[in-house]
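Chain by chain, the residues:
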Amino acid sequence: MAERVYDVAIIGVGITGACVARELTKTRAKVALIEKENDVSCGSSKANSGIIHGGYDPVPGTLMARLNVRGSELYPELAEKLHFDYKRTGSLVITFDKKGKELLAALLERGRKNGVKELRIVDSGELHEMEPNLGENALAALYSPSAAIVSPYKATWAFAESAVINGAEFLRNTAVHAIEKTDGGFLIHTGRGSIKSRFVVNAAGIAAGTISEMAGARKYVIKQRRGEYCLLDNKYGTLVHHVLFQTPTELGKGVLVTQTVDGNILIGPSADDQSQDMNEYKGTTALSQSEILEKASLTIPEIPRGNIINSFAGIRSIAYTADSAGNPDKPVDDFIIEEDPEVKGFFNAGGICSPGLSSAPASAEYIVGLLGKAGLDVTKRTGFIEERRGIAAFNQADVQTKLRLIRENPLYGQIICRCETVTEAEIVQAIHSPLGARDLDGIKRRTRAGMGRCQSGFCSPRVTEILSRELKIPMTSVTKKGGTSYVLADRTRGFADGDGGAE
Amino acid sequence: MSGQMYDAVIIGGGPAGLAAAVSAYDCGARKIVILERDSRLGGILLQCIHNGFGLHYFGEELTGPEYAGRFVKQVLERSIDYKVNTMVVSIDKAEDCEASGITPSNPADSHPAGHVVTAMNSTDGLMFLHTCSVILATGCRERTRGALVIPGTRPAGIFTAGSAQRFVNIDGYLPGKKVVILGSGDIGLIMARRLTLEGCDVKLVCEVMPYSAGLNRNMTQCLENFRIPLRLSTTVTEIRGRERVEGVTIAKVDAGRRPIPGTEEYIECDTLLLSVGLIPENEISTGAGVRMDPVTKGPSVNQLMETSVPGIFACGNTVHVHDLVDYVTTESILAGKSAAKYALDAEKRFPSRVSGAASGTLHSIPIRPGNRVRYTVPQQIDTDDTFETVTEQGNAGKAGDVPKVQIMFRSTDVYRNITISVYSGSSRLYSRKVRIVRPGEMQTADIPLSTLLDVTTPLTVSIETPEDTID
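Line order of the protein sequences matches chains A and B.
The numbering of the first sequence is this note's numbering, which starts it at 1 and goes up by one.
The numbering of the second sequence is this note's numbering, which starts it at 1 and goes up by one.
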């Protein structure tokens, strides 16, 4: 394999890696995005609450506080340029007891210190007007009008694709096994050959501690904290109007109830600390599912449980300092974003838990600034393409546009996913876009095909066929999410020894 | 944007839509179009390559494609128009559409009480079809893992039985090699046999209820004959595997369907098929304002298969999930006939709850599920003073038959040696002794019209056990 040389290699393409890549492509730097999975946004960025927080929660003075507030300000314009959904719903931290009222006052104070605008306390009367389905016991809330919702995986895809459009290289299915410091940079050994780079940015999410250790850089441990969610059918999309948090109670940290940008209702997350042998376990449990619903019923007493269309789990990366044996010692309580004091040229972006999504665009600015200080030429180049169009949703278009689209491309006339009204044209675009989908989940995250109430029962055979046709691979090579996640096992009898040939 | 005026637009080209179209034609409707989202007429029957269809309706055993083929042939013989690869987007009231500039090409066709069906495909683009009547024949969809909230991971290898059936029978691909099936619905049972014949190792079928959800004959022909174990009162409590299914944990459940700790058993497999129930497909109907029955999850209909919206009719699995396609056919013939009459009677207006008010006093007699009955279809009988409308019911078509109203219903559980009774208030209008009823097998009560003549109070359909009678 020809030797690949870059200025900056970013390990891990979640929201942080994607934002850093886009920010770097504004300069002349040659950028590689190294991803072990078959797609972007397969880790924490895939399954989280999708909230752009106001910024009242982090402790003043931390990186989290600074980057959250700045990130939250950057999002609206970025969403417009990159064409991902962003909805400023505002958030409410609701309290159900007297003690919680003091907490709200403290949060308000903290938010003001952090520079969050428009924060205020709303009383019970106004609160119930804002949220008619709210439980009677809701006493007061901290209202943050600047809070918003996004689809975290669509945002990640948008940032990463914008970077690719601007010249970054996306290397999928490329797991990093070792990192060697060399003269003038690093040699990164991967499952698909070695990659040379002057600088390395470690944005590996739950693997960030491992990657840092590979480079001989700062030792820290990422504890995995699983968060379970469930999702309601979009016919209940107006059950709530804002992001509804709860103040902590004796039951522990509360859960949120929120709309999603796609019109569903999201409930969760639980907080389950994973043991070592549960590395990357993203399963759900009956216990946590009933727990989140139980807790959420404090906020919304009438949750239509019969209309849960899906439940899933994501993993938070909680950074801990490492003791001498390499075990977690104390929580870091902030992002670890720095050039390593020992291993120059290696940058950590680790421990990116909440508000990591909200902060990501600001984290990217910050990291690129650090790279500049470390000697990378970060002067802006000409010719950077600000806009990235993505895939326009057919079902959002007006009648005239729909007619024109079908006339121009008859594949718009073929609906593949009927629950979400996704056409064949959109699925084909998702495959052939600059950072295209290679599997069913990739199609689903880009187009919503398979995300509706039938959960792909109807469209998965068709999407499998389209992937096979467009990627020119046999049906039996189509996967759900890369690796060995094959959708089909073999041909049926009567086809020549199950060769699974493409049609 | 304009179009001709249809007598009937039929949404869905499966067995229900096909029979309704033929029946509407035979009752005089001419301008009919069937809209089918798949690439061929026939619906889900096309992937049901096993036999057992048609025993009731044709008196012979046919495969799914053969059964569908008979109706497709009738559609073609009558030159009934149809469009495949066509998806219906919405049904709107004509008056609302005219307000937004979507009008029929011939102003004489303007019909304020009519409907506009918006549909799309690759060749015609977006279509606005103006029509007197609409027949909903959209079938049903399968319940999924998400709806069940099965704990565990989310690997490849989890299929609804119907999508697995499509992969095997239409596309020629195997979903997996070592299979566990959750749910004893008929498609699950059929797939247990089908995959065994394809050389797969079907480990077992588990059913959360203490009885099978499928037809008795499928239990014998698909499981017992192939020695595939059926575990009743058992469910899947965890799915394992990161990329592809590696196994599932099953456990016994108590009477409240909660898993019993200590009864867990791990079964290695690469595939989990779900056959855990079907849900009538009613996205378009609810959009059109059709009133739903929360139990059947389909539209509430009267004895003519008319929904709460005048001119919108429904039949087949859209209304309630059937176990035999033969019953779908009977019901759809009735819907087609009613829709044709509605369209042809545009002047007089076909008597119905709303539009029929002009033709005399209208009664609505609700039909309610009583003891041990989960639901009934129809949910009400609509009639005028003369009971003229009731006699239109299609199942009384054969010469010499006594005019009657057929009530279809399902039991809540398995009951033996029972009496099916229909009451109006305290007076019993109908009763029939039955040896056994199962929730998986639909029951009927055919009530002679003569007994309904003086009825004003709601009807109740009940299943009475010997204990009840002793009281």
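None of these hints come from the bench; they were simulated from the model.
C-beta: ideal position from N, C-alpha, C; glycine also.
There's no promise every hint is true.
[Unchecked claim] Derived lysine-lysine pairs resembling DSSO-like cross-links, with alpha carbons at most 30 Å apart: (1) A:Lys253 with A:Lys330; (2) A:Lys330 with A:Lys81; (3) A:Lys235 with B:Lys178; (4) A:Lys472 with B:Lys177; (5) A:Lys472 with B:Lys178; (6) B:Lys93 with A:Lys235; (7) A:Lys235 with A:Lys181.
[What the hints assert, rightly or not] If the Cβ cut is set under 7 Å, some of the chain A residues that face chain B in the computed set are: (8) Asp398; (9) Lys402; (10) Pro461; (11) Lys480.
[To be verified] Just a sample of chain A residues kept apart from chain B, beta carbon distances all over 10 Å, derived: (12) Arg28; (13) Asp85; (14) Gly125; (15) Gly135; (16) Arg192; (17) Arg198; (18) Gly216; (19) Asp273; (20) Leu370; (21) Arg453; (22) Ser460; (23) Glu465; (24) Leu471; (25) Gly483.
Review point. Would the pair Lys235 (chain A) and Lys178 (chain B) pass a check requiring their Cα atoms to be no farther apart than 30 Å?
Key: Distance of about 37 Å is beyond 30 Å: violated.
Practice item. Say whether it holds or is violated: Gly135 (chain A) keeps its Cβ farther than 10 Å from all Cβ of chain B. Key: holds, 23 Å
Point to revise | Interface hint status, Asp398 (chain A) versus chain B (Cβ within 7 Å) | key: violated, 11 Å
Check your understanding: Regarding the hint that Lys402 (chain A) lies at the interface with chain B, is the smallest CB-CB distance below 7 Å?
Key -> Holds, about 6 Å.
Exercise for review: Evaluate the condition: distance from the CB of Asp273 (chain A) to the nearest CB of chain B exceeds 10 Å.
Suggested key: The claim stands: Asp273 (chain A) keeps its Cβ more than 10 Å from every Cβ of chain B (closest is about 18 Å).
Review point. Taking C-beta pairs only, is Glu465 (chain A) more than 10 Å away from all of chain B?
Key: With a cut-off of 10 Å, Glu465 (chain A) comes too close to chain B, as the shortest Cβ separation is near 7 Å.
Point to revise | Assertion that Arg453 (chain A) lies farther than 10 Å from chain B (Cβ) | key: violated, 8 Å
Review point. Taking 30 Å as the top limit, are the C-alpha atoms of Lys93 (chain B) and Lys235 (chain A) close enough?
Key: At roughly 21 Å apart (the allowed maximum being 30 Å), Lys235 (chain A) and Lys93 (chain B) satisfy the hint.
Check your understanding: Asp85 (chain A): least C-beta distance to chain B exceeds 10 Å?
Key -> holds, 22 Å
Point to revise | Straight-line alpha-carbon gap Lys472 (chain A) to Lys178 (chain B), limit 30 Å | key: holds, 28 Å
Check your understanding: Is it correct that the beta-carbon of Gly483 (chain A) has no partner in chain B closer than or equal to 10 Å?
Key -> violated, 5 Å
Exercise for review: Against chain B, does Arg28 (chain A) hold up as non-interface, every C-beta pair farther apart than 10 Å?
Suggested key: holds, 39 Å
The structure is inconsistent with the numbered hints 2, 3, 7, 8, 21, 22, 23 and 25, although it conforms to all the rest.
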